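Use these hints to put chain B onto chain A, whose structure you have.
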Amino acid sequence: MPSTTNKWEWQIDKSTSFWSHSPKELWAYRFLLAGLIKRQFLLNYQQTILGPLWIFFQPILTLVTYVMVFNKLIGISTGNLPPVVFYASGIILWNFFSDSFTGSSGTFKENAHIFSKVYFPRIVMPVSIVSTHFIRFLMQLLLFLMVIIYYSLFSDLRLHLNIWILALPVSITFIGLMALGVGLLCSLLTAKYRDLTNLVTLGIRLVMFVTPVIYPVTAIPERLRWVVQINPLTPLFELFRLSLFGEGYVTVPQVFYSLGIIVLVLIGATLLFNKQCDKLIDVV
Amino acid sequence: MPEVVITVEHLYKMYRLGSIGTGSFRQDLQRWWTSSVLNKQDPFFQVGEEFDSGKYSQHIMALQDVSFEVRQGDAIGIIGSNGSGKSTLLKIISRIVRPTEGVVKGKGKVSSLLEVGTGFHQELSGRENIYISGYILGMSKPEIKRKFDEIVAFSGVEKFVDTPVKRYSSGMYVRLAFAVAAHLEPDILIVDEVLAVGDADFQKKCLGKMREVSQSSGRTILFVSHSMQAIKNLCDKALWLNKGRMQAFGHVPEVINKYLNNNQKTNFRQSWDNPDEAPGNNWVRIKSVELIPKLEHSENILDIRTPLLVKFQFWSMKEDIVLSAGLLLFSISGECIFDLPSPTTLSHKGVMEGECLIPGDFLNDGSYYISLNFVKDTSVPLFDFDECLSFDLQDYRGEIQWYGKWWGTVRPKFPFCIKQADMVQK
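Chains as they are written, first to last, in UniProt numbering: chain A, 1 to 284; chain B, 1 to 426.
Rather than coming from a laboratory, the hints here were simulated on the basis of the structure.
Treat each hint with caution, since some may be false.
Claimed, not checked - Which bits of chain A does chain B cover? Going by a derived footprint, with three or more residues having C-beta under 8 Å, they are:
{"id": "1", "region": "7–19"}
{"id": "2", "region": "27–39"}
{"id": "3", "region": "114–127"}
{"id": "4", "region": "270–283"}
Unchecked claim - Computed list of lysine-lysine pairs in BS3-like fashion (alpha-carbon distance at most 27 Å, straight line):
{"id": "5", "chain 1": "B", "residue 1": "K159", "chain 2": "A", "residue 2": "K38"}
{"id": "6", "chain 1": "B", "residue 1": "K105", "chain 2": "A", "residue 2": "K24"}
{"id": "7", "chain 1": "A", "residue 1": "K275", "chain 2": "B", "residue 2": "K159"}
{"id": "8", "chain 1": "A", "residue 1": "K117", "chain 2": "B", "residue 2": "K243"}
{"id": "9", "chain 1": "A", "residue 1": "K279", "chain 2": "B", "residue 2": "K107"}
{"id": "10", "chain 1": "B", "residue 1": "K237", "chain 2": "A", "residue 2": "K117"}
{"id": "11", "chain 1": "B", "residue 1": "K237", "chain 2": "A", "residue 2": "K7"}
{"id": "12", "chain 1": "B", "residue 1": "K107", "chain 2": "B", "residue 2": "K141"}
{"id": "13", "chain 1": "B", "residue 1": "K105", "chain 2": "A", "residue 2": "K7"}
{"id": "14", "chain 1": "A", "residue 1": "K275", "chain 2": "B", "residue 2": "K105"}
{"id": "15", "chain 1": "A", "residue 1": "K117", "chain 2": "B", "residue 2": "K145"}
{"id": "16", "chain 1": "B", "residue 1": "K107", "chain 2": "A", "residue 2": "K24"}
{"id": "17", "chain 1": "B", "residue 1": "K209", "chain 2": "B", "residue 2": "K109"}
{"id": "18", "chain 1": "A", "residue 1": "K38", "chain 2": "B", "residue 2": "K141"}
{"id": "19", "chain 1": "A", "residue 1": "K14", "chain 2": "B", "residue 2": "K147"}
{"id": "20", "chain 1": "A", "residue 1": "K117", "chain 2": "B", "residue 2": "K105"}
{"id": "21", "chain 1": "A", "residue 1": "K14", "chain 2": "B", "residue 2": "K243"}
{"id": "22", "chain 1": "A", "residue 1": "K279", "chain 2": "B", "residue 2": "K243"}
{"id": "23", "chain 1": "B", "residue 1": "K105", "chain 2": "A", "residue 2": "K279"}
{"id": "24", "chain 1": "B", "residue 1": "K204", "chain 2": "B", "residue 2": "K166"}
{"id": "25", "chain 1": "A", "residue 1": "K14", "chain 2": "B", "residue 2": "K107"}
{"id": "26", "chain 1": "A", "residue 1": "K14", "chain 2": "A", "residue 2": "K24"}
{"id": "27", "chain 1": "A", "residue 1": "K109", "chain 2": "A", "residue 2": "K279"}
{"id": "28", "chain 1": "A", "residue 1": "K24", "chain 2": "B", "residue 2": "K109"}
{"id": "29", "chain 1": "B", "residue 1": "K209", "chain 2": "B", "residue 2": "K145"}
{"id": "30", "chain 1": "A", "residue 1": "K275", "chain 2": "A", "residue 2": "K7"}
{"id": "31", "chain 1": "A", "residue 1": "K109", "chain 2": "B", "residue 2": "K166"}
{"id": "32", "chain 1": "B", "residue 1": "K147", "chain 2": "A", "residue 2": "K24"}
{"id": "33", "chain 1": "A", "residue 1": "K14", "chain 2": "A", "residue 2": "K275"}
Keep in mind the model is a prediction, meaning the values are calculated, not measured.
Cβ coordinates follow ideal geometry from the N, Cα and C atoms, glycine included.
The shape of chain A in the complex, shown without the other chains (with noise of 0.2 Å):
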């Protein structure tokens, strides 16, 4: 039997791996990837008339109701900073986390029908849709920057522009891992299970409040800050700011713990996922 001397270049069984991609086969559906961000950039604007104009004023609109509301009504302290830069910073990070997060969560759900019908790593739905809202976070940090400078030279907002500004894109990485992190995780429990969906979309509404988007860590009362520090994404806000305003309520082991609970929720969610995707497809 010629079978005998063969030597087999994939095996499917029932047992599923932790690796189940190698890097060269993941390399090979880069193009998947790229094409998918494009599609997603084209889907969230086909007939509208203001097109791609939206990622700028969806965060603008909200910023306003923030100031509003946060601000004049309620009156919570930001800060040294004026309220429009503290807002805005908030608002474009917290949108780029959220967005990422329920967009990866929902990979099974969403993909149901091209999952059952055609293989690919399933992993690289959830990434191109991180992707996307990165890409977006970029171009609304542009605009953020805008303000800045109006700010730095009409008032007297002061940019602190030092070493710290290495620390900008740590942040906003991590931010993004974390939400690709917590999105496959969710996107495991809730493909099985819908009930979690509910659970998902108010769990993340309360992650917001714990977190410094609408206010600094420092207008929290001392003993009850622990319950926002205790939040992984915490520290990477605070850096933000930090690495831009010179403002920000940070320290160093904060980071590291942050970064560290990170990368361990990554790599775990990852690994599940390779694991456990191909048996949900039965299921979906």
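Quick look at chain B alone, frame taken from chain A:
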């Protein structure tokens, strides 16, 4: 012999029936506990006959102990009735679902086309959809760019390539979607029943493309279809699945024959006592149809030597019509073998009868059915009585020591001989 590119070994696939709720959550916990923590076998899966007993009626075995080998360049047709596990098998080989037991090993790049238009999005234009569905099927950007014009030409939607596909007619949509898939260049191509969509012309084009792929470039194809004709045209081997079990694997005509024989029911006689209940209309109503095999001994089985007498009676409901009957014989795959009109007769109100003798040693072995029709004035159709009789003819070879499938729909015994005309002198 070409090398083996896929081997399927003892494949099982179990699906859980019913809805997912608290019950399934409990089972999940139980399964996780016994198989992961206690390291025992899955309590809901045991290979054996128990599955048929109804004890595990919440589960269905979509595939049971399927094993076969595919060689380089094979075109394998997979046949079976609905729910026989064909698509499940393809999904496992395409890595979409995991088997419950068993293993598939292979080499080479596999592309599968289980549905036309996977990854297509209604809102996007034809051009964008070509790219995205190409990527999903595993093509690279340069590859699609190179073949773009060819794909568009094959689909025939040149003018609409920048229009959102939601404005396409369903035919255009299907053509475009298939065109992308048709330009894949995998080592192994897996195609589910996708040709059922589209018009006859397009189906022909698709089949042609697939034949080109399998024959000229020597690629391996696994192909599911309900069209026996397509399988015969395209494939050199066939696999018959029945309720998840493999019934036959081998040469196409033999496997198809077994499958068709298994599926058909013989029907030798139908009769009605009351014209009001009988099939027909206010011209003619059927009283009886009957197939009488002229067997030498009544316990003999029908084989290709048996003459068959078809007898029928019907009520002629009107006075003075110039009537003729037609007898049509079909093979089980629906090809008409003959359409035999009777001479015309002037009929009066009352019972008419007719008979026709199909001689022995005329038809090949296989399954056949008979339809009757009634015509007025040699041109006005009155009534068609479709598929009123059906029968099987078994093979008979006599002295011939060869057991392959005999070709042809008929196997007549025309006078035929060979003889020595000249001899080379020793």
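* **Enumerated hints in conflict with the structure, sorted upward** => Numbers 7, 19 - these are the hints that the structure violates, sorted from lowest upward.
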